[in-house]
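Assemble chain C onto chain Z, guided by the hints.
In case you want the letters, here they are:
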Amino acid sequence: MCGIVGLLGKTAEIRESLGGRLTPMFTCMAARGPDSGGLAVFNRPLDDSIRRYSVYSPDRNQDWDGLGQLLHNHLSSDSLSTDKASKISDFQIRAIENHATIIGNFDTLDLTEEISRFCPALRILSVGRSIEVYKDVGEPAEIARRFRFDSLSGTHCVGHTRMATESAVTPAHSHPFTGGEDFCLVHNGSLSNPYMLRRKLEREGLRFETDNDTEAACRYIQWKLAIGATLEEALHEAFVELDGFYTFLMATHDQLTLVRDAFACKPAVVAETEDYVAVASEFRALAHLPNVSDANIFEPEPEEIYSWPV
Amino acid sequence: MASVEEDIVMDLARQSLRDVNRFLHKNGSSLSGKHVRILNPAGNHSVAVGLNETMTVQIDGHVGYYAAGMNRQSTVTIEGNAGCGVAENMMSGTVHVRGNASTCAGASAHGGQLFIDGNAASRCGISLKGGNIVVGGDVGTLSGFMAQAGRIVICGDAGPGLGDSLYEAVIYLRGEHRGLGADACEEPMSDEDYDLLQKLLVAARTNYDPQQFKRIASARTLYHWNADRDQEY
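For the protein sequence lines, the chains are Z and C, in the order given.
If you count by this note's numbering, then the first sequence holds residues 1 to 310, one letter each, in order.
If you count by this note's numbering, then the second sequence holds residues 1 to 233, one letter each, in order.
Since the hints were made in silico from the structure, they are not lab data.
Each hint can be trusted.
Label pairs and their calculated CB-CB ranges:
hint : chain 1 : residue 1 : chain 2 : residue 2 : range
1    : Z       : PRO34     : C       : GLN148    : 35 to 43 Å
2    : Z       : VAL169    : C       : ARG18     : 26 to 34 Å
3    : C       : ASN40     : Z       : ALA262    : 31 to 39 Å
4    : C       : ARG14     : Z       : GLY20     : 19 to 27 Å
5    : Z       : PRO34     : C       : GLN15     : 20 to 28 Å
Every residue gets a Cβ at the ideal spot worked out from N, C-alpha and C, and that includes glycine.
Looking at chain Z on its own, in the form it has when it is part of the complex:
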């Protein structure tokens, strides 16, 4: 059992208060997933050349200012070719406890590679022009408090509360999982063939961070996207190739997408109004949303793709 929540704001008012609306949904679903929690929040994409990196440190007292200085020195050093370095003249770090968002002109440089060489203890949680990710182990309510989920704004967001059943409880095993740029996925359920998928994808050159089944699904779908499929096309192939139980809630910079497997035994409820689309594992997480009594409330059908544009 795990909890899934998602919210897409259609109005400026909901987008402004996105985190405030989402947080009670998230903490309510902690009952379904008390061991870890995470959230991906999307904002309007930055300029083409800019990237946001969400970075995780295992050290809650991480010295992010010091890291920024070291990173600046590293990026301007001779170890990088000058044409790269000239484009990375400036970047910002916004940090909150053991998470930070690094924003800069990184379109020609893979900061993931640099950080893995330069500061291997850090992990990149997400890359893109739109996405930011926060995730850790512990009580979801505490995670929401630590990272001030209620103060976040954005166009849409996807959250997850985890009750681990098939792999370890670590920060890296928590959801959301991400792949490529501006794509994330959360999962309630368990897959039966994650290792088969993983071997297939490793032969294609993809690298995995964990032995988690959801990571296999996320990388599978992202791989399909990377070779040119739309998310809808990727999901139709996933229906065939993925074996097991799942409700997946996914997001890209411009859509929120929900699917359930053929047996639909993992729950999901959608409430849609003129102001928002809200998704949760159980209705009680949605019960306190504004005007929910007037919402179109429904459960997704098995193997149907539900997508909402931003």
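Frame of chain Z; chain C shown alone:
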């Protein structure tokens, strides 16, 4: 019909679920014939489970899982949607969902009647052991799975695998199905079917004509092991 001043009002925004359910259980026969309203269910699970008196209970809103489960004698009306397992293992009485019901509505019910005005999701009436279910709208995949006794009336359409591995429960379907499950088959309607169906449709306050329904029941080919089938069903 109880007069307004006899209504007992409970509010889940002010009282804990446990207090509400305990009140409904502990007051025994003193609640007999009484009308209880439960306000602000807010999708909570297990609202009004295990009732065992001839009271009527009205729940003003959407409920979570297992609402009115194990019901005996009581009449419970849910003025909203119900989560999975509404009226599961009901023994007698009536449960009426005015909205839609999630998966496994009426699962394993031994008796009583479950009316769902809207749609029911997958596995409606799974393992039904008696009693009657009337769904005003559609039902999802694998409804009536392994149902042993009782009746499931579907006024709309049915998803794939309808009536898979049925025992002696009977399904009456007004609309279309997207495939019958293993061993389910359509059979001719008898006068007895029409009479029974008429009574159920009236009880559920629907206006459909029994002549519009078809009967789906077990072909009974799974009752005995057949080695020659080589597990192909």
